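Asker: As you go down the protein sequences, you meet chains A and B in turn.
The opening position of the first sequence corresponds to residue 1 in the working numbering, with each subsequent residue numbered one higher.
The opening position of the second sequence corresponds to residue 1001 in the working numbering, with each subsequent residue numbered one higher.
There's no promise every hint is true.
Unchecked claim - Straight-line distance between alpha carbons at most 25 Å, and here's what the computed BS3-like set of lysine-lysine pairs gives:
#  : chain 1 : residue 1 : chain 2 : residue 2
1  : A       : LYS193    : B       : LYS1094
2  : A       : LYS222    : A       : LYS258
3  : B       : LYS1153   : B       : LYS1040
4  : A       : LYS258    : A       : LYS188
5  : A       : LYS277    : A       : LYS346
6  : A       : LYS193    : B       : LYS1278
7  : A       : LYS193    : A       : LYS245
8  : B       : LYS1260   : B       : LYS1312
9  : A       : LYS188    : B       : LYS1282
10 : A       : LYS289    : A       : LYS245
11 : A       : LYS157    : B       : LYS1094
12 : B       : LYS1278   : B       : LYS1153
FYI, nobody ran anything at the bench for these hints, they're computed from the structure.
Every value quoted in this text rests on a predicted model; they were computed, and no experiment measured them.
One-letter residues, chain by chain:
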Amino acid sequence: MTTQVALTGNDAVAEAFRQINPDVAAVYPITPQTELMHAFAAFAADGAIDTELVTVESEHSAMSACVGASAAGARTVTASSSQGLALMWEVLYIASSYRLPIAAAMVNRALSGPINIHCDHSDTMGARDCGWIQLFSEGSQEAYDNMIQAIRIAEHKDVLLPTMITLDGFIISHTMEALEILDDDQVKEFIGKFEPVTNLLDVENPITMGPLHLTDFYFEAKRAQAEAMKRAMPVILEVAEEYSKLSGREYGLFEEYKLSDADVAVIVLGSAAGTAKVAVDNLRNRGIKAGLLKLRVYRPFPGDQIIKAIAHVPAVAVMDRSASFGLDGGPVFNEVRSFAYGREIKLISYIYGLGGRDVPAEHIESVFHDLVKAIEAGKVENVYNYLGVRE
Amino acid sequence: MAVKLKDISKNPELLAPGHRACPGCAGPTVLRQVLHVAGKNTVIGFATGCMEVATTIFPYTAWRVPYIHNAFENSAATISGVEAAYQSLRRQGKIDSDKKMNFIAFGGDGGTYDIGFQSLSGAMERNHDMLYICYDNEAYMNTGIQRSSATPKGAATNTAPAGKVKQGKDQNRKDLTACIIAHDIPYVAQASVHNYLDFMNKVQTALATEGAAFINVLAPCHRGWRFPMEQSIDIARGATECCFWPIFEVKDHIWKINYKPKEKKPVVDWLKRQGRFKHLFKPGNEHIIEEIQAEADRKWEELLGREASSRKLQEEMQPA
């Protein structure tokens, strides 16, 4: 049984959290995540959940408390955005190296400075090397679905890695959308009982967590972590398949929209994928075979699978909602290009939408037109581009 | 029930030998005193620092109780998470609800007075059922003797050395214990490693107290303070005899000084035993020693006043 509801992205994730009913949640406000934890704290205040809220004094302490709680055998969640995620940075790496299956919702917001509260991906892209699994969401439905799947992925014995899901600040977090939610019992059964591998509360079997690894062991610890991230890829697909049986909604590493016969395509993640679908449809109405690859799983990065999906497309644009200063092109572009090495695919980079700058369908259509021109000219005039900025 | 040496002698050692602390270090002595009182149903959290490094070099550990090190500034927040997990799992019946457990976060003065101050303040304000112990050796010793806000005025460190125009640290030390008392938590104490019965009783009181508790324990570092390694305990004693480091406790808002020397020794007697104050004895620096004495006197008088006024207030507020 599923129920059709109208919720904002924040409320949709709060609803997922309610159904997950975690043992511990670290709570701290930041725009645009704030309302997510408002809703969740209200569930706690009504006794609708068993969760112990740790109402910390900063995001650094939020992630630190999550590490402590998860290490003590509690199913643990938190949520943040932007500066909050940045303040967690140090501890994000520690959470993943301790192999703690913490699940977090990150509401994408631009990083300061200058200070800005609106959406871009500089916060979560900046956390891409911290050892967390990262799932991006196009809308509220996906944020809800990803959040529930994140628990299973993170806690899988072959993985044991913290997992963050992302949803775009304001564009998704504050927009009311219709979505389907599962029954509480369905979610409870799907996620199952948390069986912690590490448990500080087991005093009969005392463990030491976080010992000093010097030159003789650090490298092996990191190598094992890299392997766990690799093992996450099939687990993400298994969990998605099981979830589709429950929900009827299909998830993969990415979504292909009219890609199989496309002559030109864009790769994008987050809410702009919805706009890109409109652009694809508009162009197809005008006889241009446009297509879209919407990335869902960013870490682990499904590079080979992406290349396989776009191998037949002569020109592809990669749209990044974040910049890597000092390196031309955004992070997604550079990673896709590295997997495309030696292939005859023309790749063009577009950095767009920083600080919440709107990206209307016409802008994405112009990207497709650039791709068509590149194919006609047989070469790419400008590989590195900015979309929608005053120069 | 007060701690008895006879009972302690029967307890197993929960900090294994073979750790890599310096000979004469007061840190492991602090840890063993705590563990003898806390016992095995205890989870320890440690901030980055000497004791963390010395006790847990992988694949070895000196800890015979569950232990977690997270980062430098967050042992209070980390243990607050462990305690939250315990409360949640116990409430839900997922663990034995009768099992009483102790949650103890440790940090050195750098990890507590400075970088971990916010994390500590938050955990204390939230009143987790936990004990935070700062083992205070008055500087960043693990990184090689740099000044912290716990470093006394006039002490030479590698970031506030004595030179041609500077005479060690310019500022007085931060009164962290007072800062934590201002959080109005159920139990706060200051202790010293030399007075083991006093310290262990304080640990026992703190662990028996429901809610947050904090103990600041002086643990001299002979490498940083520059005195012979066999004198760590005696140097700690000296700090209390001159009232530079008073030992006292605040329980339910009542202040109690646990040691009042019959004869208050001059601070200079304590300073001259430590190489970190050596430059203060050069001609022209007499005023610095006088200032240190004056500040120690002021703080001691203030403490005496607080003890008296808190008792008076208690009597006045008692129902007739």
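Asker: Take the hints in turn and mark each one as holding or not.
Answerer: Checked hints:
1. With a CA separation close to 11 Å, the supplied pair LYS193 of chain A and LYS1094 of chain B stays within the 25 Å bound.
2. Of the pairs offered as hints, the one joining LYS222 of chain A and LYS258 of chain A is violated, with about 39 Å between alpha carbons and a cut-off of 25 Å exceeded.
3. Taking the CA atoms of LYS1153 of chain B and LYS1040 of chain B, the gap is about 40 Å. The hint is violated against a cut of 25 Å.
4. Proximity of LYS258 of chain A to LYS188 of chain A is assessed by CA-CA distance (about 35 Å); at most 25 Å being required, the pair is judged violated.
5. Note on LYS277 of chain A and LYS346 of chain A: the hinted pairing holds, with a Cα-Cα distance of about 21 Å set against a maximum of 25 Å.
6. A C-alpha spacing of about 62 Å is found between LYS193 of chain A and LYS1278 of chain B, which places the hinted pair above 25 Å, so the restraint is violated.
7. For the proposed pair LYS193 of chain A and LYS245 of chain A, the alpha carbon gap of about 20 Å is at most 25 Å, so the pair holds.
8. Only pairs whose Cα atoms come within 25 Å are accepted, and LYS1260 of chain B paired with LYS1312 of chain B is accepted, the gap being roughly 19 Å.
9. In summary, the hint linking LYS188 of chain A to LYS1282 of chain B is not supported, as the alpha carbons are separated by about 73 Å, beyond the 25 Å threshold.
10. Restraint check for LYS289 of chain A and LYS245 of chain A: not satisfied, since their Cα atoms lie roughly 32 Å apart, outside the 25 Å limit.
11. Pair hint LYS157 of chain A plus LYS1094 of chain B holds up; C-alpha atoms about 21 Å apart against a cutoff of 25 Å.
12. Restraint check for LYS1278 of chain B and LYS1153 of chain B: the C-alpha separation of about 13 Å stays at or below 25 Å, so the hint holds.
In summary, the numbered hints that this structure violates are 2, 3, 4, 6, 9, 10.
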